[in-house]
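Undergrad: Sequence:
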Amino acid sequence: MELPAPPLSDIIALWPEIVLTAAGCLILLFDIVTNREQKRTLGWFTLWVCVGSLILMYFIPAPGTSIFSGMFLADGYATFFRALFLLSTVLTVLISLRHLDDEQSQHGEYYALLLFAAVGMMCMAGGGDLITIYLGLELMSLSTYVLAGFIRRDVASTEAAVKYFLMGAFTSGILLYGLAILYGLTGTTSLEGVAQGLAGQSMDNPALLLAVVFVVAGFGFKVAAVPFHMWAPDAYEGAPTSVTAYMSSAVKAAAFAGLARVFIMAMYPTAEHWATLWGVIAVLTMILGNVVAIAQTSLKRMLAYSSISHAGYVLLGIIAATADGMKEIGLSSAMFYVFVYTFTTMGTFSMIILLSHRGFHGDQISDFAGLQRTHPMQSLVYVVFFLSLAGIPPTAGFVGKLFVFRAAIEGGFVVLAIIGVLTSAIAAYYYFMVIKTMFMDERTAPAPELSDSRSLAVGLIVMVAATVLLGIFPNVLINFAEQAIQGF
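Residue numbers for the sequence shown, in my numbering: 1 to 488.
Among the hints, a few may not be true.
What the hints assert, rightly or not - Beta-carbon label-pair distances, calculated as ranges:
#, residue 1, residue 2, range
1, L8, A295, 52 to 62 Å
2, L135, V155, 47 to 57 Å
3, Q483, W15, 13 to 23 Å
4, I11, G200, 34 to 44 Å
5, E442, F30, 42 to 52 Å
6, V414, L8, 42 to 52 Å
7, I418, N475, 25 to 35 Å
8, A207, L8, 40 to 50 Å
9, I18, P394, 35 to 45 Å
10, V51, L8, 18 to 28 Å
11, L277, Q486, 27 to 37 Å
12, N475, M203, 33 to 43 Å
13, G412, L380, 39 to 49 Å
Derived by calculation from the structure, the hints in this document are not laboratory data. Even glycine gets a Cβ: it sits at the ideal position worked out from N, Cα and C.
Please build the complete structure, drawing on both the sequences and the hints.
TA: Take a look at the structure:
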């Protein structure tokens, strides 16, 4: 039987994914014929492909409806996250160019894997079918597994990749089993069809209960929520710092984008039950992530636990979206938080790269002792990022936490909001400990020589500007988020 060709409008709506996939394949081909000195050219090619895709995305209107027989949703929600993933990939390339040179790991497949991961993320955000979301998740995951172990001669990087892969493969199987049960219960993999099929089902059905638990466990691993967080500290610490920045921001954002699609669209009829489960997970995530971060001496490991705790704050917005009349406020607050968190956390890891130069690895908190005396401007930039992570005004992090806490309170989840505020106070302690180390501690070793990478400097300027400006003018982004979820 001959299958009908898809309409041209469907193909045009998916052009960013098509362009990135083609560019990734071209990079792999060019990598074969370019010498070591020309590898950086592939990085710049990747950057301009993403920038071009980001610009042209707004000149080619999306249909705003389902395409390819409902497998993909070309709506505002997908556009919001597409823009975020493209921006994240651009920033990752900017902070990677010199970093890969220093690590002697400048290879074309690095940039190809970044593009393939971005395509997977876009499929998760725009998926209108369980199959699309799962395939996007696997494409993203397989790419990041390889990126985590990209520095082949580094034992820590290899160990991080192996742990990440083993845990990821196991939980991917659990997630797939949960999605398969949903298909068995409803007879469809379409998100709308699953929602209609679950509307008349009772949670007394053990199969439905098992499906909810398995899907929660699968997505819980991808967002590094407690108790599915075990992989994150080792993977973040051992992976190349540029990859860690990508994993802790864009990859986490994609996981939340897919999580919201599945739970708010497909499994909304059972929200009364899974919201309670996610609420318990959010509390454990906020508490454990912040408490354990206090004891860390490695900055990358501290930021890993910090990243775990921030997953709990995003969950507050998603949980709030389950209350009556709160879908728009809850989802938009979570989307705003994910967006500003992406810029802030990438900035913190970029500062580690700035300090990691000529054999010096600035991944210990003690490495930043007295940094303000030798590099005052760079120290000030780091302070901005830490203030944002702590939720101190006038940074974007403060507005993000304000929105998710407000959404939780208006949705009736007052206890969750109170716990969120208290754990934010705990987080402020270890963030300010790093600031205190930079400004007040005496340095015994010679001051490190900072990286002179112009691309890294440009990336940092963009990230710190976004962190400050979105804190002062948040309405621009929050309006974008609210428009994006119309009809979600």
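Undergrad: Each hint should be assessed against the structure and marked as holding or not.
TA: Against the structure, the hints:
1. L8 to A295: 52 to 62 Å: This hint holds: roughly 57 Å between Cβ atoms.
2. L135 to V155: 47 to 57 Å: Hint violated: Cβ distance 32 Å, outside 47 to 57 Å.
3. Q483 to W15: 13 to 23 Å: holds (21 Å)
4. I11 to G200: 34 to 44 Å: Since I11 and G200 have Cβ atoms about 37 Å apart, the given range 34 to 44 Å holds.
5. E442 to F30: 42 to 52 Å: holds (49 Å)
6. V414 to L8: 42 to 52 Å: Given about 51 Å between the Cβ atoms, the range holds.
7. I418 to N475: 25 to 35 Å: About 27 Å separates the Cβ atoms of I418 and N475, which means 25 to 35 Å holds.
8. A207 to L8: 40 to 50 Å: Holds - the Cβ-Cβ distance for A207 and L8, about 42 Å, lies within 40 to 50 Å.
9. I18 to P394: 35 to 45 Å: holds (40 Å)
10. V51 to L8: 18 to 28 Å: At roughly 25 Å between Cβ atoms, L8 and V51 fall inside 18 to 28 Å, so the hint holds.
11. L277 to Q486: 27 to 37 Å: holds (28 Å)
12. N475 to M203: 33 to 43 Å: holds (40 Å)
13. G412 to L380: 39 to 49 Å: holds (41 Å)
Going down the numbered hints, you'll see the structure goes against just number 2.
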